[in-house]
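A.B. asks: As they're listed, the protein sequences go chains H and Z. The opening residue of the first sequence carries number 153 in my numbering; numbering runs sequentially from there. The opening residue of the second sequence carries number 32 in my numbering; numbering runs sequentially from there.
Derived by calculation from the structure, the hints in this document are not laboratory data. Keep in mind that a hint or two might mislead.
With a straight-line Cα cutoff of 25 Å, these simulated DSS-like cross-link-like pairs (lysine-lysine) come out [to be verified]:
1. K449/H x K72/Z
2. K484/H x K220/Z
3. K72/Z x K402/H
4. K309/H x K72/Z
5. K93/Z x K504/H
6. K355/H x K176/H
7. K355/H x K50/Z
8. K50/Z x K39/Z
9. K72/Z x K484/H
10. K355/H x K72/Z
11. K355/H x K39/Z
12. K198/H x K223/Z
13. K402/H x K136/Z
14. K484/H x K50/Z
15. K223/Z x K355/H
16. K309/H x K449/H
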Amino acid sequence: MAEMWISMGPQHPMTHGLWTLKVKIDGETVVDTEPDLGYIHRGVEKICEARDFTQITTYCDRLCYASANTWSHAYIYAAEDLLEVEVPERAEYIRMVAVELQRIASHLMWLGAYCPDVGNLTGLVWCLREREMMMDLLQELGGSRMHYNFPRVGGVKRDLPIGFALRCRAKLKLFLDRIQEYEALLDESTIFLVRTQGVGYAKAEEMINHGVSGPNVRAAGHNYDVRWAHPYSVYDELDWEPAVERPSIKGSDCYDRYRVRVEEMRQSALMILDGLDKIPGGADTHYQPGDPAIIGKAPARAAEGQTGFHHFEDSRGESMFYLAGGGEERGKHPYRVSIRSPMFITIPYASKCMIGYKIADIPAIMGSFDPCIGETDR
Amino acid sequence: MGNEVSAKQILSAAEEIVKDVADFGDAVQAEVRNHTGGRRKNPYVFIEVAASKWRELALWLKKSKNVDYCSMVTGIHWPEKADATWQVVVHLLRTGVVNPPVTNKRVHEIKVDIDGLSGNSVPMEFEISMSIPDTREPSVPSVADIWVGADWNEKETWDLVGINFDGHVGMRRVLLPHDSPTGYHPLQKQHKLRYHDFNEMYDDPQGFGRKPEDSGRVK
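Just need the whole structure built from these sequences, with the hints factored in.
C.D. replies: So this is what it looks like as structure tokens:
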């Protein structure tokens with residue numbers, strides 16, 4: 153049969169955003185793919201060159217609509233490296249709570265979007281129900297529901313609200329029970345297993361060479377995680393271990409990638425529960441905004457020649473910012489901001505991953521890598 | 032608790048790499064630098080290399096030092112520096128990820144013994160910097176065949192900054208529209224943002240009060 157190119161997207165349920173996957177098919181089989189990105193390129197890197205270091209946080213929030221906090225924190229750590237800022241211990245704990253809550257919310261959004269992809273609409277409703285709890289908690293911290301603008305260079309915008317620890321513990325304990333509901337729903341659903349098991353094999357070494365990291369690599373049987381390998385924040389004081397899944401001999405399939413994210417949500421919840429007990433000063437103390445206990449002093453300018461970068465464990469893999477100082481307004485703006493988006497590198501790999509499978513497997517494989525187009529196109 | 036790599040492990044591994052890089056001679060300068068912000072000031076390896084030696088160094092890092100992951104390629108335009116108008120910064124990681132071992136047809140997932148890491152197995156951050164003098168067609172060698180992860184990073188750097196990568200197969204626009212004008216790379220510094228401060232933005236949103244020196248700026 154003759155081969156032909158078909159275009160999936162930019163409007164297609166598989167894409168989870170606005171991009172095109174060009175697929176070359178032979179009958180029902182995929183023989184070649186080519187992703188086409190850039191539909192929502194906003195020029196964030198260029199915009200940041202005309203903003204000062206506090207203003208940039210707002211733009212970083214908007215890089216990813218499902219995982220805003222991880223992106224603004226990734227930027228803040230790089231900015232602190234550039235500006236040589238000391239961060240109070242308490243602020244690091246509060247950030248850890250914010251980031252891990254966001255990681256749970258992001259994975260829930262992923263699972264909620266992935267379930268309908270493979271024919272399970274109930275999963276969507278259940279996941280969004282629990283995501284609502286996480287968003288309520290994040291709203292208490294940051295004041296808004298999606299784009300929190302929570303961290304500041306040197307600390308955080310606000311301390312934990314009074315009673316936050318109580319509500320957070322109650323909700324996370326409920327959530328840890330509810331995770332078992334997802335497992336009961338999905339691990340025993342024949343349709344889910346048939347659609348995800350045995351498709352989209354990917355091996356760990358190959359993924360690392362292709363620049364894929366995070367949960368996708370941990371699903372392939374190696375517990376590499378930026379949080380312990382290139383350590384930052386307070387993760388060494390918490391009781392957790394990186395989620396890792398036992399793959400098959402051929403590598404990790406879509407089912408392994410689902411399993412590892414569920415386990416990662418559990419680890420994040422345990423991490424927050426542990427962190428709320430260990431936070432210096434106690435979780436029930438409340439400092440006013442601007443108190444030295446939650447925000448350190450930071451210079452507003454960086455000279456030419458100063459640089460800063462930071463590798464960060466985003467919910468989709470390793471993200472990083474590279475900042476060069478000495479921009480306009482005598483160093484008040486960065487000269488260059490460069491953003492490493494994990495999905496920008498993962499989408500080409502995921503597209504190659506589906507060669508040899510059927511057209512019907514494309515949504516299952518693509519969705520299992522957790523694409524997010526906001527950060528991809530920047 | 033010891034569940035993360037210690038600064039001591041990173042420092043001794045970084046010093047070993049810097050010592051071995053000295054074999055390359057003057058074209059490659061390596062040093063151990065420290066992060067300057069936040070809670071930990073972990074060491075990392077900074078290498079300054081001439082563009083002509085970059086591929087040789089990259090192959091050596093991959094083969095001898097087990098550097099397996101290309102994180103990001105950044106291009107920077109410095110129009111005021113005649114001898115270093117273009118800078119390429121490459122961030123690499125040594126992750127140490129391997130395929131999980133198989134015994135008796137059963138796969139065993141790897142949980143790294145973090146305290147036991149030493150030498151080439153310690154995860155490490157690398158920052159590589161290359162400078163190119165003033166030229167209309169800046170280019171450096173491509174490493175997309177060494178780390179496939181560099182492929183789309185290099186596409187993006189050419190697309191936005193206009194630095195070419197010799198030997199890169201299939202270079203094309205990735206973020207800008209495919210029909211963007213030839214030679215249009217928005218992160219070059221001659222493309223200015225129209226508004227330089229918010230007063231200008233609010234006082235003159237239509238741009239009627241543009242000054243002669245503003246001409247040519249993209250609104």
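A.B. asks: All hints, please: hold or fail.
C.D. replies: A quick look at each hint next to the structure:
| no. | hint | result |
| --- | --- | --- |
| 1 | K449/H x K72/Z | 17 Å, holds |
| 2 | K484/H x K220/Z | 17 Å, holds |
| 3 | K72/Z x K402/H | 40 Å, violated |
| 4 | K309/H x K72/Z | 23 Å, holds |
| 5 | K93/Z x K504/H | 23 Å, holds |
| 6 | K355/H x K176/H | 23 Å, holds |
| 7 | K355/H x K50/Z | 33 Å, violated |
| 8 | K50/Z x K39/Z | 17 Å, holds |
| 9 | K72/Z x K484/H | 24 Å, holds |
| 10 | K355/H x K72/Z | 33 Å, violated |
| 11 | K355/H x K39/Z | 31 Å, violated |
| 12 | K198/H x K223/Z | 9 Å, holds |
| 13 | K402/H x K136/Z | 11 Å, holds |
| 14 | K484/H x K50/Z | 37 Å, violated |
| 15 | K223/Z x K355/H | 44 Å, violated |
| 16 | K309/H x K449/H | 13 Å, holds |
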